[in-house]
Amino acid sequence: MLKNPLLKEAQAKIEAGVQDRDAFSRIVQAGQKVMYDQATFAELAKGLKDAKDPVTEIAEGMIGILGILYKQSRKTMPIPPMVLAGMALLLDALDFAERAGLVKIGKAELNKATTHYLNSLLPKFGLTPEKMDGMLGQLGGTMKDPAKLAQIQGGQ
Amino acid sequence: MPVAAVAGAVFAGAELVAGGLTVFQTIAAVGAITAGVGAVTGDQDLMKIGGIAGLAGGVGMFAQNQGWLNSTQAVAESGSNTASFLGEAAPGVEQVSPTVDTGAAIQSASDAGNTAMTGDSLLAADLGETAGNITQGITQPAIPTNGLINTSPNANPMDMRLAAGTAGATKDTSIFQSIQKFADMLKDKDGKYDKNLLSIGANFVGGFFDDKKKAETDYYKSRTASEDAQRSNANAVPSFGLKVNTSKNIFPTSAGTYNPTRVGLINAR
Chain C
12 MLKNPLLKEA QAKIEAGVQD RDAFSRIVQA GQKVMYDQAT FAELAKGLKD AKDPVTEIAE
72 GMIGILGILY KQSRKTMPIP PMVLAGMALL LDALDFAERA GLVKIGKAEL NKATTHYLNS
132 LLPKFGLTPE KMDGMLGQLG GTMKDPAKLA QIQGGQ
Chain A
4 MPVAAVAGAV FAGAELVAGG LTVFQTIAAV GAITAGVGAV TGDQDLMKIG GIAGLAGGVG
64 MFAQNQGWLN STQAVAESGS NTASFLGEAA PGVEQVSPTV DTGAAIQSAS DAGNTAMTGD
124 SLLAADLGET AGNITQGITQ PAIPTNGLIN TSPNANPMDM RLAAGTAGAT KDTSIFQSIQ
184 KFADMLKDKD GKYDKNLLSI GANFVGGFFD DKKKAETDYY KSRTASEDAQ RSNANAVPSF
244 GLKVNTSKNI FPTSAGTYNP TRVGLINAR
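Going line by line, the protein sequences match chains C and A. What the first sequence shows, in the working numbering, is residues 12 to 167, in sequence order. What the second sequence shows, in the working numbering, is residues 4 to 272, in sequence order.
Hints in this document: simulated from the structure, not taken from any laboratory. Computed from a prediction, not measured in an experiment: that's the story for all the values here. Among the hints, erroneous ones may be present.
As the list claims (entries may be wrong) - Simulated crosslink set (DSSO-like; lysine-lysine; CA at most 30 Å straight-line):
| no. | chain 1 | residue 1 | chain 2 | residue 2 |
| --- | --- | --- | --- | --- |
| 1 | C | Lys-24 | C | Lys-82 |
| 2 | C | Lys-155 | A | Lys-224 |
| 3 | A | Lys-51 | A | Lys-251 |
| 4 | A | Lys-51 | C | Lys-115 |
| 5 | A | Lys-246 | C | Lys-155 |
As the list claims (entries may be wrong) - Here are the simulated distance ranges between beta carbons:
| no. | chain 1 | residue 1 | chain 2 | residue 2 | range |
| --- | --- | --- | --- | --- | --- |
| 6 | C | Gln-40 | A | Gly-194 | 42 to 48 Å |
| 7 | A | Gly-45 | C | Lys-44 | 32 to 38 Å |
| 8 | A | Asp-187 | C | Asp-64 | 54 to 60 Å |
| 9 | A | Asp-48 | C | Lys-44 | 34 to 40 Å |
Beta carbons: idealized from backbone N, C-alpha and C, even for Gly.
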């Protein structure tokens, strides 16, 4: 249970957007297990104490934990729910760090952690800005086709 | 090994090649996170970017299912051709002209004290020609002052941006910029967002993070409550007796008062 009301509210928003709830819950549970594992936790805590920018460090640490989970799943973990689960775990970690007195989490810190998390995570499994440019550029072109646009509007 | 460093090692080689659908699902997830956090922190930019990412993810999944988009792999191969996808010239394209460096140009660009022969000047010397002859009829481009090379017009737009010195493409890219570029595509000629397209996006992301669904639900609840109250009031009109005129009795009673039976009660929901 998160203590910070801001993080708590963000968690509720994130969970509201989850499509594959089963996978999401399993990844969050596995993540918490890894995160609070003695060895991992000691490593994370050490990194945080030495960190100049604890918020960024926590976001990076969370990506590391997702990496461990991804490895454990033999690279079969579905990525979309993993991205959401990672964010839920990040909120958890930020809350914990605040309770431990390592960092104060306000709106700016939450924004920073979120953007860093996404910007750092996505390219790691190949969704680079260049690739996104390509995909979204193609999609934008499709959406400018009136016939296809009509289908999109009718297809909802 | 620090935990953070694990990710780089583990994710290396992990590609979203399972299909474009996965990519768009992931973009939708990014939208969900960004819009959600933006709504909590009150960051308008994050909210907008999240909404656009939600739109891109939702419409992208639909378009992918329709087979309108190339495979992820194909896009990945041409992923850096951003400008061609956007249908606009990459910054710097207009500044690029065919480049055949002259020995003199290269010489002047090099360190003044450095007398080493460059490839082109060696070639010119070998052919017994002057640099001017080689470049006859070809416009001499300005010598780059940023240390970056000029490229041919057929080169990758990313390289052109490098050539133009607008190297933001490499040092300042983020997934949010990619989403913003997509958002810019949804603007009309006046630079405003196309409402039709945005309405699609709103429908895709509606109910996730904004209060639209909640507002709708609250409205219907209040409307129902209001109707219930009206119905209740109408049904609660007290019964009253009508005085019977015994000489001209039109009521089916011989009593002094006729109490009519209430009809037209409004049924409850």
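Consistency of the hints with the structure:
For the suggested pair Lys-24 of chain C and Lys-82 of chain C, the alpha carbons sit about 28 Å apart, so the restraint of at most 30 Å is met. Pair hint Lys-155 of chain C plus Lys-224 of chain A does not hold up; C-alpha atoms about 39 Å apart against a cutoff of 30 Å. Between Lys-51 of chain A and Lys-251 of chain A the alpha-carbon distance is near 77 Å, which puts this suggested pair outside the 30 Å criterion. Restraint check: the Cα-Cα separation between Lys-51 of chain A and Lys-115 of chain C comes to about 26 Å, which is no more than 30 Å; the hinted pair holds.
Taken as a hint, the Lys-246 of chain A and Lys-155 of chain C pair is broken in the structure, with Cα atoms around 76 Å apart against an allowance of 30 Å. The beta-carbon spacing between Gln-40 of chain C and Gly-194 of chain A, approximately 47 Å, falls within the hinted interval of 42 to 48 Å. Between Gly-45 of chain A and Lys-44 of chain C the C-beta distance comes to about 34 Å, which sits within the given range of 32 to 38 Å. Our hint of 54 to 60 Å for Asp-187 of chain A and Asp-64 of chain C is violated, since their Cβ atoms are close to 31 Å apart.
Distance hint check for Asp-48 of chain A and Lys-44 of chain C: the Cβ-Cβ separation is about 35 Å, which falls inside the suggested range of 34 to 40 Å.
Of the hints listed earlier, those the structure fails to meet are numbers 2, 3, 5, 8, in rising order.
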